[in-house]
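Heads up: the protein sequence lines correspond to chains X and H, in order.
Note that numbering that gives the first Met the number 0 numbers the first sequence so that position 168 is 167, with each residue one more than the last.
Note that numbering that gives the first Met the number 0 numbers the second sequence so that position 3 is 2, with each residue one more than the last.
Among the clues, some could well be false.
Here are the simulated lysine-lysine pairs, DSSO-like style, with alpha carbons at most 27 angstroms apart [what the hints assert, rightly or not]:
id : chain 1 : residue 1 : chain 2 : residue 2
1  : X       : Lys242    : H       : Lys75
2  : X       : Lys185    : H       : Lys78
3  : H       : Lys90     : H       : Lys78
4  : X       : Lys185    : H       : Lys75
5  : X       : Lys185    : H       : Lys90
In short, the hints are calculated from the structure, not lab data.
What you are looking at is a predicted structure, and each value in this text was computed from that prediction instead of being measured.
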Amino acid sequence: MTEPGTGAASPLAGGAPEQRRPAAWGRWLAHFLVAPSGVLLFLAVWTILAIELPPSRLVSPYAVAVDLWNNFLRSPRLEVFGLGRTGYGALLLYTTRNVLVGLVVGSAVGIVVGIASARLRPLRLIVDPIVLVLGTVPVLVAAPLFLLWFGVVPFTQVLLVGGYSAVMMVIFAQRAAANVDPVYEKSAMARGASWRDRLFLVLIPGTLPEILGGLRITLASAWGLETFAEILGAPSGIGQAIKTLTNVNNVAGMLACVSLVALTAIIMDMLLVALARWVTRWA
Amino acid sequence: MLMVETQSAVSIDRLSVVFERDDGTRVQALRDVSLDIGEGEFVCVLGRSGHGKTTLLNVVAGLIPSYSGDVRVLGKPVKAPGVDRGVIFQKDAVFPWMRVEDNVAFGLRVSGMPKPERLRVAREHLDLVGLRNVPRAWPRELSGGMRARVAVAGVFASDPPILLADEPFGALDYVTRRQLQDVLLSLWERTGKTIMFVTHDVDEALRLATRVIVVSNGSVVEDQAVDLPMPRSDDALATPRGLELRHLLLHHIGLE
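Whole structure, please, built from the sequences with the hints as guidance.
Right, here's the structure in full:
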């Protein structure tokens with residue numbers, strides 16, 4: 000593959016002999032052996048603490064798993080407390096839907112506004128003060144206000160998650176656009192690219208690594224925000240289950256719901272990481 | 000040596016450029032520069048860093064729209080970048096998010112050429128610069144020299160009549176630079192394009208150019224035809240005429 004006289008500082012340019020690396024299967028095996036050790040350590044500490052503490056404070060991971068299994072599809076005790084014929088699974092679905100809708104809509108708005116304001120100075124003069132205010136005022140402060148304005152409906156939580164995602168992604172997208180080397184846009188212009196070509200073929204691909212990194216952070220925050228908004232007041236959702244079960248001191252149920260949210264958030268983060276790796280495989 | 004046409008590819012009349020710094024002070028980057036570059040010429044713009052040679056090239060490229068004077072390319076006033084001028088930048092401008100062949104075909108893509116045709120043209124030009132084996136590679140997999148070849152291939156693939164190069168090989172090691180100079184010369188001889196090539200390297204200018212323009216403190220202080228036969232080996236540059244030209248250019252950039 001080495002081209003004559005093309006330098007030697009790259010994998011395709013030859014150069015120093017390749018260092019010996021473990022085979023791919025070896026690396027995967029090491030990964031699967033090492034990665035769960037953190038989880039096992041966490042469960043071990045949890046179990047020890049559960050033995051030491053009274054059940055009204057903490058129950059074992061096993062008890063939480065049993066509660067999760069028994070209440071996932073249908074939870075009679077949640078019916079008693081007015082959450083209807085439901086289970087943890089259906090409540091999680093409500094929460095996940097709100098997180099995704101809020102994140103997608105809010106991030107889309109944030110990314111467009113962020114990139115546009117990074118290139119259009121008048122827009123930036125308008126956007127920056129708004130982002131400054133919304134970014135520095137704790138978003139949870141706005142949650143009760145949204146409840147007053149819009150009531151106990153799903154839209155209230157979606158708006159909170161969407162608004163927060165938009166503000167976060169404006170900041171990430173602005174920074175990403177500022178970090179794209181101007182030489183790429185100059186090069187595109189010099190080769191006849193229109194503004195649309197520069198946007199779609201240069202600016203958006205060039206900003207993707209930073210934007211996807213920002214999206215991960217925003218997604219993680221969105222879970223916490225949605226759950227907390229549901230605890231404050233919502234017609235459904237895993238946050239409502241956590242609130243209800245905490246009020247009746249059902250530690251196993253409460254931890255089962257928290258674990259369910261954490262597990263779903265981790266899976267979604269892993270999916271986002273996989274997507275980001277594929278989209279930015281050139282980096 | 001190639002025949003040099005007399006029609007102007009680039010015509011510059013009393014060009015001045017003033018930049019304003021953030022603190023409000025003004026810097027005169029170019030002062031009353033006038034010159035004509037004929038079609039098919041290979042002109043090196045030589046000078047020390049910060050003396051205005053890149054500014055001159057950027058004005059011709061259309062990347063500095065605010066200037067006084069008259070600048071024309073193929074008879075048309077320069078107001079913005081255009082497909083009649085290809086630019087090879089000093090910094091690595093190969094898009095990291097596009098495969099090598101897509102980088103080379105970028106200009107053809109934005110001009111609307113269908114994909115199969117533009118990829119064929121891109122592969123032909125990769126072959127011309129010695130990179131026929133890496134069309135599907137990502138730029139991060141290439142060395143600096145290979146990326147410079149991609150940049151050269153990309154500009155020639157778009158087939159502009161005028162090529163502007165801003166110290167494109169300045170960051171490369173000596174051997175790679177010499178190889179890329181040969182690649183550029185062979186493409187120039189093959190296509191007969193007009194080339195304006197900015198460099199601070201006297202030997203590079205003497206090896207490549209049919210004419211050298213020396214810019215100092217924003218003004219043209221020397222406009223010298225290089226009447227040495229091509230291709231110019233080290234021996235050719237060590238002839239009395241070659242050494243005479245070298246001394247002259249070194250004198251004008253303030254070294255002798």
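Results of checking the hints against the structure:
1. Lys242(X) to Lys75(H): This hinted pair is violated, its Cα atoms lying about 73 angstroms apart.
2. Lys185(X) to Lys78(H): Holds, at about 14 angstroms.
3. Lys90(H) to Lys78(H): Answer holds: lysine 90(H) to lysine 78(H) is near 23 angstroms, not above 27 angstroms.
4. Lys185(X) to Lys75(H): holds, 21 angstroms
5. Lys185(X) to Lys90(H): This hinted pair holds, its Cα atoms lying about 11 angstroms apart.
In summary, the one numbered hint that this structure violates is 1.
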